[in-house]
Amino acid sequence: MDYFAQQLINGLVLGSIYGLIAIGYTMVYGIVGMINFAHGDIFMIGGFIALITFLILVSFGLTAIPLILLVVLLVSMAITALYGWTVERIAYRPLRHSFRLAPMLSAIGMSFVLTNYSQVAQGARVKPVPPIITGGYTLHEGAGGFVVQLSNIQIIVVITTIVLLALFTWLVSSTRLGRDMRACEQDQTMASLLGVDVDRTISMTFVIGAALAAVAGMMYLLYYGLVDFFMGFVAGIKAFTAAVLGGIGSLPGAMLGGLLIGLIETLWSAYFSVEYKDVAAFSILIVVLIFLPTGLLGRPEVEKV
Amino acid sequence: MSATPAAQTSRAPGAAFIFKKALISALVALVLFSLMIGVRTEAGPQGQLIYWTRFGDLAVMVAAVFGGSIVVELLRQWWRPVDTVRIVPPSVQSTLAVARRAIAPVLLVFTFLVPVLFYDERYILDLGILVLTYVMLGWGLNVVVGLAGLLDLGYVAFYAVGAYSYALLATNFGLSFWVCLPLAGILAAFWGVLLGFPVLRLRGDYLAIVTLAFGEIIRLVIINWQSLTGGPNGVTGIPRPTLFGIPLTPGDDGLAAMLGIEFSPTHRIVFLFYLILALALLTNWVTIRLRRLPIGRAWEALREDEVACRALGINTTTTKLTAFATGALFGGLAGAFFATRQGFISPESFTFHESALVLAIVVLGGMGSQLGVALAALAMIGGFELFRGLDQYRMLVFGMAMVLLMIWRPRGLIGHRAPTVFLKHSQAISSDLVKEGHG
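Protein chains in written order, with the numbering used here: chain A, 1 to 305; chain B, 1001 to 1439.
Simulated restraints on C-beta separations:
hint, chain 1, residue 1, chain 2, residue 2, range
1, A, G136, B, T1351, 32 to 42 Å
2, A, I290, B, V1092, 50 to 60 Å
3, B, T1351, A, I162, 33 to 43 Å
4, A, I290, B, R1292, 26 to 36 Å
5, B, T1316, A, V147, 48 to 58 Å
6, A, L74, B, A1059, 20 to 30 Å
7, A, G136, B, L1074, 53 to 63 Å
8, B, F1344, A, W170, 50 to 60 Å
9, B, V1307, A, I290, 15 to 25 Å
10, A, G33, B, F1197, 24 to 34 Å
11, B, I1124, A, D187, 47 to 57 Å
12, A, S192, B, T1316, 34 to 44 Å
To spell it out: a stretch of chain B is covered by chain A in this simulated footprint if at least three of its residues, at any positions, have a beta carbon under 8 Å from a beta carbon of chain A; those stretches are:
hint, region
13, 1023-1032
14, 1039-1049
15, 1207-1217
16, 1354-1365
17, 1385-1395
18, 1407-1414
Here's a subset of chain B near chain A, in silico, CB distances under 7 Å, partners left out:
hint, residue
19, P1198
20, R1201
21, G1399
22, V1403
Hints listed in this document are in silico derivations from the structure and should not be mistaken for laboratory results.
By construction, the Cβ of each residue, glycine as well, lies at the ideal position given by its N, Cα and C atoms.
In isolation and in its complexed conformation, chain B is listed as follows (with noise of 0.2 Å):
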């Protein structure tokens, strides 16, 4: 933001400058919101619309436009750009160094102790397991995103079609959540290859529409397949997950029956917590063990430079489909997570505002860092809970954090990333030197 030449050269404005300024924005805010906050309308009672003025409002918009507009241009002034290398001493710069290094295992091991920290506060237990739903979500988009580079706006079709075949196989055949499981893996992984093929050739934009009209696809059908899945009323009474078909419950043949104790409910919550981050590590492990396998390392030619990726034999359309199938493949594992706790799906849950949300989280994470990922999913997530009081205001705000996020951290939040492979020492690589997305 700062680095664009205007803001360079010139000089501290003085504060009739400011004004000025404000006085502008708070020129367009008031034509701007003349008439979609100056005026209401509604359907009256015959279903003719009447209107009704709001100039109170209005007056009160426009003037928090122009205090917001003198606060921005003053913080703008107070807070330059600082070059952290020189201001920081050395001696805190390796604390720093050494602080960063920790910071993954710590979280880890924090994330282990969780439901034991948090035993009885059920609210933090569900909306941990739904940071970590998001942080594999994240980790299996950056597959596709981060190392391959292909842009992938339909992600949420995946978890679609992991959370259906889980949802329709367990309630129409009665088989077995942990049978289910890689089903559903195995499902969705087929429809990334169904998905691959039509854009091997395609790159860019036109990949970016085809995913995005491929997730479309997958959740109109979903929505007007009634006979098959319940259409817009969704599929009921998902059963729940078993501990290697031992079931949570209170029965005689329950674990707590045979362990033992006390049947407590949040038992299911710690389980289920557990078991989403079981599969988010496998994410984890499995994408990080791939980098280092020549399929890894051809996804990542792939995103700096599809030509000469081809022009050192490397198969771009096995590369490509193995990257929307593995990608898929967890997509798939968490809708079938997904669908277990929720115990009911519908077509609602997969729009594309969730496939916005994951990609935001990968953006946002700084693409291809793992560490990033799960930072950005505890971001958006938990913070995204933080307005839950706001209720109608909640998207726009989350809209706005999308777009001041974007602002602030372009390349996400870890900026920098380790190289895969490295001769003797390994050198963060700034983000600025690569390029994704451009599949």
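The shape of chain A in the complex, shown without the other chains (with noise of 0.2 Å):
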């Protein structure tokens, strides 16, 4: 029992990260329609300067882990959003009125060019970090003398993912930005007649799905102490798995699905083994999928004949 109370823990821990990527897909998905398949990448780019930014703040003498957090976490989510707007102009805005199939092989390119540019900007070797956060809580210590452990840094990846959850709902549903985006997933034609401005809304969702996998990005490098330039492929995948599990589109979806996702990998490798705990993960997709044909909270795709 406390065993399975410790791996429920890590899998909410890793799920929230996967939500945070999941939400970017989903939100371009819902405005655009398309799937970007760059957006791992872009995650990968946002672990990249976050612990470029971190060593720099480090060597300048700074000891004060929250300023340090905080500073990294801005300029990390700064950068990375404009690559998001940088990757959104040159790869898919000339390919807007495009068939569907163009945009995301422009994707998949652009996927390639930032995996490889990273390569070779930083190199192909992992950077480990030491652990910045360290301490934590004891919740419960079993008979068998097992300890149900929540170290400080879980605490801190679910506290962000919910605040800036919070943040982003109330961005959809009460600002004029949320209304536009609301209105662009609806019918970019007439949102356009009535004055939305299409473009500027668009760059606005890659922005802000890139700044969110810049924070998913540190997360992920504080959890787990260590980035590369590959691990925003696998990422991605899980991430966009995500999405489609809690139904494309939409924004409760993709943070239920991320929490799904990260609960069955962390559970799956507790239990069974650790080599097939992505297997396990896209088995669980396919599953839902046939019976779900668009996800646990997707809506229904209306036809029309």
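Make the complex out of the two chains shown on their own, each in a separate frame, by following the hints.
Right under this line is the structure:
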């Protein structure tokens, strides 16, 4: 039971990271109707920028952890958001009115570009960092001597996710930008006729998605203590799986899907085999989609005849 | 690209405008590259990360973006979309039309002659085999994506199934290539049907992610099922193909000895070349034949409109399953060929990158166009080879080329297609009128 509780905590933390990336997928899909294949690499870039910022701050002799974290968070969000904006400008905007597969392939091309760009720029080796935040709480001490622990970093990941999610929900539901985004999701032509700047809204969608991915990248760095140029691919596929599992286009769905994928992966590794954890996650995706073809919280597609 | 309303209405911008735009681009580049290029990290001797700055590189990159932005803007002014129909005289146009019709036969004859012309150029023969493998894969995937409109991101899974089927059957049971080839194809087709079942109800992007997940599952199983597949080490010692039982070896029972000619290792390469050419042409022939049959028309109907398709009484279940199975069959055959050519296979050859590459070939070719797929395979694989010397920049250039090609020709190289059935004259259909990948 204790073991299960510990795995549950680990799974939820991993799921929060996936959820943050999945929001980027789901938002872009909701508005542009396109899978942004480069999003996983944006997450990776976010991790790298957080790492470099952190190194620079530490070498300048800064020691106040909260201050460092805040600066790293802001810098990586800002620069990664600019990456998201640039990717949209270069690879997706020219193909806005093209047929569906073209932007998808240019997105795949962009993903290759970003992966290899960071490999060329930062080298192929894994970059480890020493644990920045240590310590934690012992929640329960079992009879067999097994201790259920909640580390500080886990708390930070979960709280950051919740805060960002709340902020983001507010943004979509109550601001001008959020209203524009929802309008574009419904009907881009109509929205532009009614005075919504569609191009700007789509750009902002990419910017926000990239900023959230940057937060996920930073959390990944803090939690696992490493980044490498290839981590975007696997994390991206998992997060995309999460978005689809939850029902692509639905924000609560993305978060739910992220948590589920995180839990499945962790529990499968804990009870069955570590090697097949990804197989388990993908298999469950396929099984869910067989019974719910639009995901858990997705709206059924309306077919026009 | 030029079709956006902004580009049509804007007047020719002045020098100040270009300068300002380039300056903004350079600023954006400065921020983007500041940490990723301006600072380099590496694990030091004690495992501690160290960093050093590379402001020189950063300055070069930003300057390059500034200059490049000006060049692009000038090019954009200079190159305007021209109405080719009005400018090119009709006589030239008819010549062009003849040339366009001649390109496929000429290309085919040339391909047949490649081993004769370049007999001594081992590199060109190897490259030819590689290109033809991708032509075959492209034609195979074209059945699924181009004809049936089902977006498949995990096509490499069938390639892997074919390769491993042949490798394992040949190394464990000693079966010959010609027995294994159909078996590999059938096994891959079986997996295609297996994948087809869960995705019957899915459409568009849900289909895409399930096929992607399927491809990853196959790859992960291959990596982890060490006792069967050898895991990451792969399968070694895969037997070379024989000419219907006659080995292409220097021994007494080899082909060279039987024909009484001197043995040369090039014989095997030439044989492999014609083998993959035959397999690719088989794919092409079957596809063209199937397109005319009711099943092929059902695929195309499915691509255009699934609801109308169902209303017409077409069984969408069998239509989708046969499309997946046919595509997978050809993928499996190509995989078996790949295994026998390499003599060694490992999971590294079957990554998502391969699926994306084949899909890019199909889309760039102008989906549904057989000639286009062949040209695109030549351009992508041949072009990729040009950058072999660039080493680590190769994939970077490849990704950029993919983006630029899509922006340049979102509809593919051959942006129109001949109809499958017609009443009196066959009129080219602009691909703007067909919608692929909506499955």
